[in-house]
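Participant: For the record, the sequence lines run as chains A and B.
Okay, so the first sequence: first residue is 0 according to numbering that gives the first Met the number 0, each after it adds one.
Okay, so the second sequence: first residue is 0 according to numbering that gives the first Met the number 0, each after it adds one.
Treat the hints with caution; some may be incorrect.
Below, a list of computed lysine-lysine pairs in the DSS-like style, where the Cα atoms sit at most 27 Å apart [to be verified]: (1) K140(B) - K226(B); (2) K237(A) - K102(A); (3) K179(A) - K190(B); (4) K321(A) - K33(A); (5) K9(A) - K22(A); (6) K25(A) - K140(A); (7) K265(B) - K176(A); (8) K265(B) - K391(A); (9) K265(B) - K140(A); (10) K265(B) - K237(A); (11) K307(B) - K272(A); (12) K140(A) - K179(A); (13) K9(A) - K304(A); (14) K226(B) - K272(A); (15) K30(A) - K261(A); (16) K286(A) - K272(A); (17) K226(B) - K66(B); (18) K66(B) - K140(B); (19) K102(A) - K219(A); (20) K231(A) - K265(B); (21) K255(B) - K265(B); (22) K9(A) - K62(A); (23) K39(A) - K25(A); (24) K219(A) - K237(A).
Label pairs and their in silico Cβ distance ranges [as the list claims (entries may be wrong)]: (25) S293(B) - P273(A): 29 to 39 Å; (26) R199(A) - A3(B): 43 to 53 Å; (27) D211(B) - P273(A): 26 to 36 Å; (28) A141(B) - A208(A): 51 to 61 Å.
A short, non-exhaustive set of chain A residues, derived as facing chain B with CB atoms under 8 Å [claimed, not checked]: (29) G133; (30) W158; (31) E267; (32) A269; (33) G270; (34) E276; (35) H279; (36) P343; (37) R373; (38) S376; (39) S381.
Hints are computed from structural coordinates only; laboratory data are not their basis.
Even for Gly, the Cβ is constructed at its ideal location relative to N, Cα and C.
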Amino acid sequence: MDLSYSDEEKAFREEVRSFLAEKLPKEMSEKIRKGEELGKEGQERWHAILNEQGWLAPNWPKKYGGAEWNAVQRHIFEEEAAAAYAPRIMPFGLSMLAPVLQKFGSQEQNDYWLPRLLTGDDGWCQGYSEPGAGSDLASLKTTAVRDGDHYIVNGQKTWTTLGQHANMIFCLVRTDKDVKQQEGISFLLIDMETPGIEVRPIVLLDGGAEVNEVWFTDVKVPVENLVGEENKGWTYAKYLLTHERTNIAGVGFSQAGLTAVKRIARAEMAGDKPLIENPHFAARVAKVEIDLMAMSTTNLRIISKAAAGTAPGVESSMLKVKGTIIRQEINDLARRAAGVYAMPFASEAVEGSNAALPDPLAAGPVAAQYFNNRKLSIFGGSNEIQRGIIAKVTMGGGA
Amino acid sequence: MNFALTEERQMLQDSLRRFLRDKYDTKTRNAILESDSGLSTEIWSGLAELGVIGALFTEEQGGFGGKGFDLTTVFEELGRAGVVEPFLDSAVLAGGLIADLGNDDQKENLEALIGGALQMAFAHGEPASRYDLTRVTTTAKADGDGMVLNGRKAVVVNAEAADMLVVSARESGEAGDADGISLFLVPADSKGLTIQGYALLAGGRAAEVTLDDVRVPASARLGEAGKASDAIEARVAAANVALCAETLGAMETATKLTKDYLMTRKQFGRPIGTFQALAHRMSDLLIEMEQARSAVINAAGHLASDRKVRESQVSAAKNLLGRAGRLVAEEAIQMHGGIAMTQEYELAHIAKRIVMADHRFGDTDHHLERFIALAAA
Numbered sequence: 000m001d002l003s004y005s006d007e008e009k010a011f012r013e014e015v016r017s018f019l020a021e022k023l024p025k026e027m028s029e030k031i032r033k034g035e036e037l038g039k040e041g042q043e044r045w046h047a048i049l050n051e052q053g054w055l056a057p058n059w060p061k062k063y064g065g066a067e068w069n070a071v072q073r074h075i076f077e078e079e080a081a082a083a084y085a086p087r088i089m090p091f092g093l094s095m096l097a098p099v100l101q102k103f104g105s106q107e108q109n110d111y112w113l114p115r116l117l118t119g120d121d122g123w124c125q126g127y128s129e130p131g132a133g134s135d136l137a138s139l140k141t142t143a144v145r146d147g148d149h150y151i152v153n154g155q156k157t158w159t160t161l162g163q164h165a166n167m168i169f170c171l172v173r174t175d176k177d178v179k180q181q182e183g184i185s186f187l188l189i190d191m192e193t194p195g196i197e198v199r200p201i202v203l204l205d206g207g208a209e210v211n212e213v214w215f216t217d218v219k220v221p222v223e224n225l226v227g228e229e230n231k232g233w234t235y236a237k238y239l240l241t242h243e244r245t246n247i248a249g250v251g252f253s254q255a256g257l258t259a260v261k262r263i264a265r266a267e268m269a270g271d272k273p274l275i276e277n278p279h280f281a282a283r284v285a286k287v288e289i290d291l292m293a294m295s296t297t298n299l300r301i302i303s304k305a306a307a308g309t310a311p312g313v314e315s316s317m318l319k320v321k322g323t324i325i326r327q328e329i330n331d332l333a334r335r336a337a338g339v340y341a342m343p344f345a346s347e348a349v350e351g352s353n354a355a356l357p358d359p360l361a362a363g364p365v366a367a368q369y370f371n372n373r374k375l376s377i378f379g380g381s382n383e384i385q386r387g388i389i390a391k392v393t394m395g396g397g398a
Numbered sequence: 000m001n002f003a004l005t006e007e008r009q010m011l012q013d014s015l016r017r018f019l020r021d022k023y024d025t026k027t028r029n030a031i032l033e034s035d036s037g038l039s040t041e042i043w044s045g046l047a048e049l050g051v052i053g054a055l056f057t058e059e060q061g062g063f064g065g066k067g068f069d070l071t072t073v074f075e076e077l078g079r080a081g082v083v084e085p086f087l088d089s090a091v092l093a094g095g096l097i098a099d100l101g102n103d104d105q106k107e108n109l110e111a112l113i114g115g116a117l118q119m120a121f122a123h124g125e126p127a128s129r130y131d132l133t134r135v136t137t138t139a140k141a142d143g144d145g146m147v148l149n150g151r152k153a154v155v156v157n158a159e160a161a162d163m164l165v166v167s168a169r170e171s172g173e174a175g176d177a178d179g180i181s182l183f184l185v186p187a188d189s190k191g192l193t194i195q196g197y198a199l200l201a202g203g204r205a206a207e208v209t210l211d212d213v214r215v216p217a218s219a220r221l222g223e224a225g226k227a228s229d230a231i232e233a234r235v236a237a238a239n240v241a242l243c244a245e246t247l248g249a250m251e252t253a254t255k256l257t258k259d260y261l262m263t264r265k266q267f268g269r270p271i272g273t274f275q276a277l278a279h280r281m282s283d284l285l286i287e288m289e290q291a292r293s294a295v296i297n298a299a300g301h302l303a304s305d306r307k308v309r310e311s312q313v314s315a316a317k318n319l320l321g322r323a324g325r326l327v328a329e330e331a332i333q334m335h336g337g338i339a340m341t342q343e344y345e346l347a348h349i350a351k352r353i354v355m356a357d358h359r360f361g362d363t364d365h366h367l368e369r370f371i372a373l374a375a376a
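Just chain A, same shape as in the assembly (with noise of 0.2 Å):
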């Protein structure tokens, strides 16, 4: 037992500390400390100084022009990256689509794609969920008949984030309608300036638009788009969701966010005192605190064995359902701490006129972003569904 990490890993972590504040730009960070928006600009100028570095792509193989970073790297890397208020890599080309590419696409796709990720010639979005297909993902009904050398795609899309910003969207589609549902999906990826596609924003209720729906008409793509066979889409799309659960645990923005509650609670005065120093609300910051460090350890012990080649299994839907609880505790803190200035609707009182606004607004939109992240335990498999596969995987026949 050796709670310490090697020389090697603690140079690594210098190299990336250094990396970060050379290179990461003062005012991208000043806006992610704030909760601000970075704008597709901004997140495009941060990939751009990552793949300048070779370090876009951490998971990737190097021949591809990734980084090849094993797991405990890439925990060093998004451990630092959160404490130094880096913008997070957009994970739907780089880090969800690549990898199924990679293991199930032709040589063609992959020489064609890859690159393009890389110098942010494409930008991705992630067509799986559908109005009436959610966590029950299978019963998608989104079709695709091939017709010569095209498939049509008829159907809708939605919760598809950034899918304005994106000029390709990769797709679950139903290619057969007679089969058990998991056999009959296929893999498309589809380009979002062919006509009959529409795309609606979904206002949510912090106020953003970060996500939409999408729409299918008549839609003609090429069936060079297809990746790997047809009617195999469901078994690329489980190894899809097992890249999604990369950084599940969320541990390093579990550490940004409990210091910037800190922050706060030690600028707003609770009575005489700050609001650090006031018993109750300080309980509430210590227990967080220490599930935070039992669960930053869990992440370790679960890194270091996928480091050594093991595929974690049930651990990624322990750490989901943890890390979720304890990142959205930390949200509730920070929009506690900040009292009644939590109230002010989050663009307003942030931006512009109202700067003036005193030191706990200067936090961020805690309570946006309290609301906000009711989402980390909803999507990618809500918290249901992992301890549905917790249960099934332990007891064998489930809850």
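Assemble the complex: chain A is given as a structure, and chain B must be docked to it using the hints.
Facilitator: Showing chain B alone in chain A's frame:
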């Protein structure tokens, strides 16, 4: 024992519920939320005509209610429909303080207020006061035959729409002293008064209010000089009872929407409410709903009691509603899934009303500490 509403209150509840069901749907409200004023004058006068504001005042004050259960009857319905119009700030707080402390001249404003023609706001909290009602640093100094006010008020709800503000200011003592706080009626167009407005996350608008040598006549003072603290505490107690009832109403909508959704939404070939894991959680919410309802009844029933009893009951209700409200809001969203994250679905706004109520007049922890302190006193 009789937990039934009186006939008058039952009629008020029925007509209010009908009015809001017909005129205040999600789409209408979302349009109000996005409007520049953040409120609908049409809804305001419609509800005033229905007697909503009158129900918050006693007959002597020009109304027909004014008791704890009148407040809860009105606000439970406002909460059920997610109403964002500032009845709490304009009527219960600002209007209520005029009714409690004002002289005959000052009370003349109440007629217009009850009729819906006058809007008011209560400018009390300050950037560093958090939930402490006595932490007033805004000053009021005598100057000739008038008073001069200086200071800053934080997150003053309805300040922009108000014709008149009830402003607290200190005439003696220091921040944290109950003694020395006075209240003044300040017209919104007073020289030196700056109102910097913004929308609120859960609807409505508030503002940072700066008073820079604002001059008012001495006759603008409500009640005795430096003696407003007890009245403020009592009015905030009434506001908290109203707010708890509003939260209860919103929680009812949240649980109803969730129950309906669990019985209709199908995943894996069956309604999701038939999964025991969800059914049990729904049951827990319903149990908490009963707790919340009783806490509101306790607080409303003791609003006219002695200070210690009244404040203990109010803090108990605010603490319990804070806990139960958070549970209901979060679980309702979680059990719905993604749909509840969208603003066009009713629950989104309702959940925000529930959670953000914890940020007014003391949160869950504040009232827990207060409950403990009152018991020890």
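Participant: Now tell me, hint by hint, if it's right for this structure.
Facilitator: The hints, checked one at a time:
Only pairs whose Cα atoms come within 27 Å are accepted, and K140(B) paired with K226(B) is accepted, the gap being roughly 15 Å. Between the alpha carbons of K237(A) and K102(A) the distance comes to roughly 13 Å, so the proposed pair stays at or under 27 Å and holds. Straight-line distance between C-alpha atoms of K179(A) and K190(B) comes to about 75 Å, which puts the hinted pair past the 27 Å bound. Proposed proximity of K321(A) and K33(A) is supported: the alpha carbons are some 25 Å apart, at most 27 Å.
Among the hinted pairs, K9(A) with K22(A) is consistent with the structure: their alpha-carbon atoms are about 20 Å apart, no more than 27 Å. Straight-line distance between C-alpha atoms of K25(A) and K140(A) comes to about 45 Å, which puts the hinted pair past the 27 Å bound. Under the criterion of a C-alpha separation no larger than 27 Å, the hint pairing K265(B) with K176(A) is consistent with the structure, at around 19 Å. The hinted pair formed by K265(B) and K391(A) meets the criterion: a straight-line CA distance of about 21 Å does not exceed 27 Å.
For the proposed pair K265(B) and K140(A), the alpha carbon gap of about 14 Å is at most 27 Å, so the pair holds. The straight-line distance between the Cα atoms of K265(B) and K237(A) is roughly 22 Å, inside the 27 Å bound, and the hint therefore holds. A threshold of 27 Å between alpha carbons decides the hint, and for K307(B) with K272(A) the separation of about 25 Å falls inside it, so the pair holds. The hinted pair formed by K140(A) and K179(A) meets the criterion: a straight-line CA distance of about 13 Å does not exceed 27 Å.
Proposed proximity of K9(A) and K304(A) is supported: the alpha carbons are some 19 Å apart, at most 27 Å. Only pairs whose Cα atoms come within 27 Å are accepted, and K226(B) paired with K272(A) is accepted, the gap being roughly 26 Å. Between K30(A) and K261(A), the direct Cα distance comes to roughly 19 Å. Compliance with the 27 Å bound is thereby established for this hinted pair. The hinted pair formed by K286(A) and K272(A) meets the criterion: a straight-line CA distance of about 21 Å does not exceed 27 Å.
As the CA atoms of K226(B) and K66(B) are separated by approximately 24 Å, the hinted pair is consistent with the 27 Å bound. Simply put, K66(B) and K140(B) have alpha-carbon atoms about 36 Å apart, too far for the 27 Å limit, and the pair is violated. For the suggested pair K102(A) and K219(A), the alpha carbons sit about 26 Å apart, so the restraint of at most 27 Å is met. The hinted pair formed by K231(A) and K265(B) meets the criterion: a straight-line CA distance of about 25 Å does not exceed 27 Å.
For a cut-off of 27 Å, the pair hint linking K255(B) to K265(B) stands: about 17 Å separates their Cα positions. Our distance criterion of 27 Å between C-alpha atoms is met by K9(A) and K62(A), whose separation comes to about 26 Å. As the CA atoms of K39(A) and K25(A) are separated by approximately 17 Å, the hinted pair is consistent with the 27 Å bound. Restraint check for K219(A) and K237(A): the C-alpha separation of about 26 Å stays at or below 27 Å, so the hint holds.
The hinted window of 29 to 39 Å between S293(B) and P273(A) holds, with their beta carbons roughly 36 Å apart. Taken as a hint, the range 43 to 53 Å holds for the pair R199(A) and A3(B), whose Cβ atoms sit roughly 48 Å apart. Restraint check, D211(B) to P273(A): a C-beta distance of roughly 28 Å satisfies the suggested window 26 to 36 Å. The given range of 51 to 61 Å is respected by A141(B) and A208(A), whose C-beta atoms sit roughly 53 Å from each other.
The restraint placing G133(A) at the interface with chain B holds, with a minimum CB-CB distance near 6 Å, inside the 8 Å limit. The closest approach between the C-beta of W158(A) and any C-beta of chain B is roughly 5 Å, which is under the 8 Å cut-off, so the hint is satisfied. Look at E267(A): its Cβ gets to within about 7 Å of chain B, closer than 8 Å, so that hint holds up. Residue-level restraint check for A269(A) holds (minimum Cβ-Cβ distance to chain B is 5 Å; threshold 8 Å).
A least Cβ separation of about 6 Å between G270(A) and chain B falls short of the 8 Å threshold, and the interface hint therefore holds. Because the closest C-beta pair between E276(A) and chain B is about 13 Å apart, greater than 8 Å, the hint is violated. Checking H279(A) against chain B: minimum C-beta separation of about 4 Å stays under 8 Å; hint holds. For P343(A), the interface hint holds, the least distance from its beta-carbon to any beta-carbon of chain B being 5 Å, beneath 8 Å.
For the restraint placing R373(A) at the interface with chain B, the shortest Cβ-Cβ distance is roughly 5 Å, inside the 8 Å limit, so the hint holds. Because the beta carbon of S376(A) sits about 6 Å from the nearest beta carbon in chain B, less than 8 Å, this interface hint is met. Checking S381(A) against chain B: minimum C-beta separation of about 6 Å stays under 8 Å; hint holds.
In summary, the numbered hints that this structure violates are 3, 6, 18, 34.
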